[in-house]
Amino acid sequence: MTGHSDHDHRHDDHAEIVESAKPGYYEMMEIAIRELLIERKMFGANEIRQQIEVLDSRTPALGAKIVARAWINPIFKARLLANGRAACEEFGISFYDDTQLIVLENTDKVHNLIVCTLCSCYPRPVLGLPPDWYKQKPYRARAVIEPRAVLAEFGTHISDDVDVRVSDSTAMVRYLVLPMRPRGTEEYSEDELAALVTRDTMIGVVPVTVNARS
Amino acid sequence: MTETSHLVRRLPNDIGGLESPPIQRTEHELEPWEKRCHALADVLDFHKIINTEEKRRGVEALGAEVIGKLTYYERWIVAFANILFQKGLLTPEQVALKMDEVEARWSAGQVS
Chain A
1 MTGHSDHDHR
11 HDDHAEIVES
21 AKPGYYEMME
31 IAIRELLIER
41 KMFGANEIRQ
51 QIEVLDSRTP
61 ALGAKIVARA
71 WINPIFKARL
81 LANGRAACEE
91 FGISFYDDTQ
101 LIVLENTDKV
111 HNLIVCTLCS
121 CYPRPVLGLP
131 PDWYKQKPYR
141 ARAVIEPRAV
151 LAEFGTHISD
161 DVDVRVSDST
171 AMVRYLVLPM
181 RPRGTEEYSE
191 DELAALVTRD
201 TMIGVVPVTV
211 NARS
Chain B
1001 MTETSHLVRR
1011 LPNDIGGLES
1021 PPIQRTEHEL
1031 EPWEKRCHAL
1041 ADVLDFHKII
1051 NTEEKRRGVE
1061 ALGAEVIGKL
1071 TYYERWIVAF
1081 ANILFQKGLL
1091 TPEQVALKMD
1101 EVEARWSAGQ
1111 VS
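As they're listed, the protein sequences go chains A and B. Taking the numbering used here, I'd label the letters of the first sequence as residues 1 to 214. Taking the numbering used here, I'd label the letters of the second sequence as residues 1001 to 1112.
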């Protein structure tokens, strides 16, 4: 997090989190609202705990498995591009919300990038929670107006004969980039392919490379 | 264009296309209360108490200064409070009293 610490109630983000620290103002508000709603039986305390477990279970590893399957299985890929949510659910990844998922294929001609200019909508069921930079103003403001400059800041240079397409997420429609399979991976197993696919490749800010992980 | 028209031409969340400085590639692990706040948002959505778009508009309704100074989940919890007040599901007094209780519990060494 950046640009704060002008309030005396706020703990220093860089400090160790101490269990006995006094809850901050907003944490006390969160506790109060949660407890009041549970007291009024609007939902059960277990539901919050269960949802925390769901959130913890969602990581980019899920999206990476989908990408690897799409790379090796053209029929799955066609289904994924036709209806992202249905294909992921067939694959065993549940959607805990009522969002739709559109999967965008990168090719030699098109490079896709996803953003949420209005806030922070993101394909959480398959990628988990977004990084802070995805939620902050510079990425949200600039991705739609100068995507090539944004990509360059991530070290990604897209040649002029490739279209850059930016998709702006909404509360109901989320996007996932299907990155290009790197050359030299013809012999890779599905698991080895999945291990190459990082979160940022599925946002579209970097390509998949064979040296990214070793 | 008058001096104030920029204030109404774009609401605070509507920043797509504006000039902005380079991206700082920041990340942080959520604090426990931030994760609880996220889970609360999802549960409120599941129960059709507050949906994602209501939450987004609730944050926007905080205004540019509050949006600029509060962190991401601070904005969410304040927006939830306001929306719950508007829907008549909670009152400001109930939240204030419960926050006092939470603080008192912590002071007594019993905060959960």
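Since the hints were derived computationally from the structure, they do not count as laboratory data. Just so you know, these numbers come straight off a predicted model, no measurement behind them. Just so you know, even glycine gets a beta-carbon here, dropped at the ideal spot from N, CA and C. Do not rely on the hints blindly, as some may be mistaken.
With a straight-line Cα cutoff of 25 Å, these simulated DSS-like cross-link-like pairs (lysine-lysine) come out [unchecked claim]:
1) B:LYS1055 with A:LYS137
2) A:LYS137 with B:LYS1098
3) A:LYS41 with B:LYS1069
4) A:LYS22 with B:LYS1098
5) B:LYS1098 with B:LYS1048
6) B:LYS1055 with A:LYS41
Some residues of chain B that are not near chain A, with every Cβ distance over 12 Å (derived) [claimed, not checked]:
7) GLU1003
8) THR1004
9) LEU1007
10) VAL1008
11) ARG1025
12) ALA1039
13) THR1091
14) SER1107
(message) Name the hints, by number, that the structure is in violation of.
(response) 2, 3, 11, 12, 13, 14
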